[in-house]
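J.: As a plain string of letters, each chain reads:
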Amino acid sequence: MEQQKWTTVVKANKKLIDMDLKGLKNCKDLIFLFVRRTFVSKYKQTVLGPAWAVIQPFFTTVVYSVFFGNIAGLGASGVPNFIFYLSGTIVWTLFANCLTETSHTFTANSAILGKVYFPRLVMPVSTTISQFISFSIQFAFMLCFMVYYLITDAGLKPNILIAMFPLVLIQLAVLGMGFGMMISALTTKYRDLAMVVSFGVSLWSYCSPVAYDMFSREQLMNGIIYKIYMLNPVTPAINLFRYGFLGTGEVDWLFYGISWITTAVVAIIGALMFSKSEKTFMDTV
Amino acid sequence: MEELAIRVEHVSKEYRLGAIGGATLKGEIQSKLAKMFHKEDPNLKIGEKAYGKNERFLALNDLSFDIKKGETVGIIGRNGAGKSTILKLICRVTAPTEGNIYLNGRITSMLEVGTGFHPELTGRENVYLNGAILGMSKAEIEKKFDEIVEFSEVGQFIDTPVKRYSSGMKVKLAFAVASHLDSDIMIMDEVLAVGDIAFQNKCIDRMKKVAEEEGRTILYVSHNMATVKNLCSRCVVLSHGQVAFEGPTAEAIAIYMQDKNLDDKTFFDVSGAKRQRKNSNRHLLKNLHMYQSPSSVFEYGEIFPFRIEWESENSDERLLMKMIINGIDLTPVGVIFGGELKHCKGRNTAEFKFDTSYLVPGKYTVDIILYDEDKSGNMMYHDRATSMRFTVEHGEKSLKLKHWFKDWGNAVLPCIEQINGDDNNV
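Those protein sequence lines, which keep their order, are chains A and B. The numbering of the first sequence is the numbering used here, which starts it at 240 and goes up by one. The numbering of the second sequence is the numbering used here, which starts it at 399 and goes up by one.
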């Protein structure tokens, strides 16, 4: 008797680790189309279109420069406040958007996810990738100002570490996605976390060197406080980015290594929690 | 041994009843702590037992069946029998609580067509997106694109955002995408509910073609027995999460209908119903009983007796009865007057005969009203009961109504008599 062949087995949800990574590879087209969908639908029926990607960080930077930089005197030493804040803002925005958008994965897409199966990891991955589209617009915007400041010789000292910037961006995206997946896994049951995300992220930005220059704040540079502050995985990444492009601040390689470890741990735990809850989230969402 | 496409093996799916989505972290921790210290759970309602059996609901209960490759199988059953749940499990949208499902081949699900259509994107973009969601690669969609657009009949609007489409157009496009996928197993849940008759027939033809010529397996869930009969060679009848019958479509449909009919009550207790203040409530209906009928499904032309029971506070008031017949969507069909009821103080009953030949086959609900009217026709309602239901089905006498159209209405008025022509012509 010929043995019956099966291509898929649907089992009760009991295993701890059960990720459909193989399926994810076959979904390149789907990921691409989701990225496109997110981008196209975001700017359809807007007059300014993708210009919005620049307008938000621009005004944030202006506000930071005026209030934190000039009035409160928290600005950078040696480089113009504007480019200092702009670089921090766009990198932070990339991270924050990856986190918040991923954290909505299950609730925002429950209509699709409730009716068809495709590897669920496609959703966070494509959400994260689509954040890079608006980031690249913002990045180009920042480069324009870089060129301007270099010509006017405003004290910018780009150096070889500039080559590390793709690594920084990937790290922040993966970190944001990892946290986002954890939150999305938990929000299928506890909606409380959805409330925490928006203000949590903005609080987090104040614990990171976005709106101020940590190296000109003596309170932050001493002993234990410095160590705790640097454990925030976003901080060393932003520092490296700024150091490469602007030559301001310094890079603490020990803490940069630690931040990568944190990132890896967060991403793995996030993915595990995500795939654990993806199987039954439809019953609770 | 014939090759199987799907094997469902001892599958159960359990749902927790009550508020699941509304749970908060705090509440959960409180409950867990309370359980740990053997204290009363602060989040339980009074009288509720912690995690009692009643909190859980088995949507599927140890379900097993096989589906062979190339078969077209209908899954039928009443609402809540577990049809959609089993489809969801087969599509891997959610996981079973117990048991395994084995699948052989790629699956396309059309649990609800238009899934994944993004309103802002154009028809063209959505075809690609939807195809990809359903598991096709871009190259595959490109190859089939023209065929899809032609089938969908929306070629003219393919570059218009989907949000400007009518709902029919959306369904057409979505069905076109889903039915042109290269999948081995197709799963459809009530997809044909929308769309005009011509398109429905086109869809059924398409599915038949897909099943017969391309050897795909189709699982079809519907309440529309006509399409099930047309499409499926075999049916699985589900009842309360278990297989009630598995076999040829005609038999399965008969069993399903029977199952449905048994539920149609002939006794309606209205003594506990909420009463309206504007009525006098001095004479209260207690129950309605179709006391000679095994079910409340009648063949057209059948005359069935029923009894109403009511309680009167006095015997001197005049009491009249009338019935308002409504369609299942509560559109009124007409009124019937039952005349004066003799009564004494206390319990009373009255029996009536109802002639179904005045009603087009379909489902009806009946309002029974006890009232009185004065000489100028002003009415005073004593009580009104609304819960009686019955069904009129086609039978030998309903031939003239076989091809009934909606714009005929639901009432069949008495035949008109022809005035004898001979007398007039003299």
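No lab work stands behind these hints: they were computed from the structure. No residue lacks a Cβ here, since even glycine has one placed at the ideal position from N, Cα and C. It is possible that some hints are incorrect.
To be verified - Below, a sample of chain B positions facing chain A; criterion: calculated Cβ distance under 10 angstroms:
{"id": "1", "residue": "Lys486"}
{"id": "2", "residue": "His516"}
{"id": "3", "residue": "Leu519"}
{"id": "4", "residue": "Phe665"}
{"id": "5", "residue": "Ile701"}
{"id": "6", "residue": "Arg705"}
{"id": "7", "residue": "Glu738"}
{"id": "8", "residue": "Leu739"}
{"id": "9", "residue": "Lys740"}
{"id": "10", "residue": "Gly744"}
{"id": "11", "residue": "Thr747"}
{"id": "12", "residue": "Thr784"}
{"id": "13", "residue": "Ser785"}
As the list claims (entries may be wrong) - Computed footprint of chain B on chain A, listed as stretches where at least three residues anywhere in the stretch have a Cβ under 8 angstroms from a Cβ of chain B:
{"id": "14", "region": "275-285"}
{"id": "15", "region": "344-353"}
J.: Taking the closest Cβ pair, is lysine 740 (chain B) under 10 angstroms from chain A?
T.: violated (58 angstroms)
J.: Any CB of chain A closer than 10 angstroms to the CB of phenylalanine 665 (chain B)?
T.: Phenylalanine 665 (chain B) check fails; min Cβ-Cβ to chain A is 37 angstroms, beyond 10 angstroms.
J.: Was the hint right that glycine 744 (chain B) lines chain A, CB cutoff 10 angstroms?
T.: violated (53 angstroms)
J.: Under 10 angstroms is the threshold here; is the Cβ of leucine 739 (chain B) close enough to any Cβ of chain A for the hint to stand?
T.: Result: violated, 53 angstroms to nearest chain A Cβ.
J.: Has the region 275-285 of chain A got at least three residues whose CB is nearer than 8 angstroms to a CB belonging to chain B?
T.: The restraint on the region 275-285 of chain A holds, since 6 of its residues have a Cβ under 8 angstroms from chain B and three suffice.
J.: Go through the hint on lysine 486 (chain B) and say holds or violated, using the shortest Cβ distance to chain A against 10 angstroms.
T.: At 7 angstroms from the nearest chain A Cβ, lysine 486 (chain B) passes the 10 angstroms test, so the hint holds.
J.: Hint validation: threonine 784 (chain B) versus chain A, beta carbon distance must be below 10 angstroms. Holds or violated?
T.: violated (35 angstroms)
J.: Close enough to count: is the Cβ of threonine 747 (chain B) nearer than 10 angstroms to one in chain A?
T.: This hint is violated: threonine 747 (chain B) lies away from chain A, its Cβ roughly 49 angstroms from the closest one there, beyond 10 angstroms.
J.: Tell me if serine 785 (chain B) is really an interface residue toward chain A, meaning its C-beta lies closer than 10 angstroms to one of theirs.
T.: violated (33 angstroms)
J.: Interface hint check: isoleucine 701 (chain B), Cβ to nearest Cβ on chain A, cutoff 10 angstroms. Holds or violated?
T.: Constraint on isoleucine 701 (chain B) not satisfied, violated at 48 angstroms.
J.: Should the interface hint for leucine 519 (chain B) be scored as holding, given a Cβ-Cβ cut-off of 10 angstroms against chain A?
T.: holds (6 angstroms)
J.: Should the interface hint for arginine 705 (chain B) be scored as holding, given a Cβ-Cβ cut-off of 10 angstroms against chain A?
T.: violated (46 angstroms)
Checked against the numbered hints given earlier, this structure breaks hints 4, 5, 6, 7, 8, 9, 10, 11, 12, 13; the rest are met.
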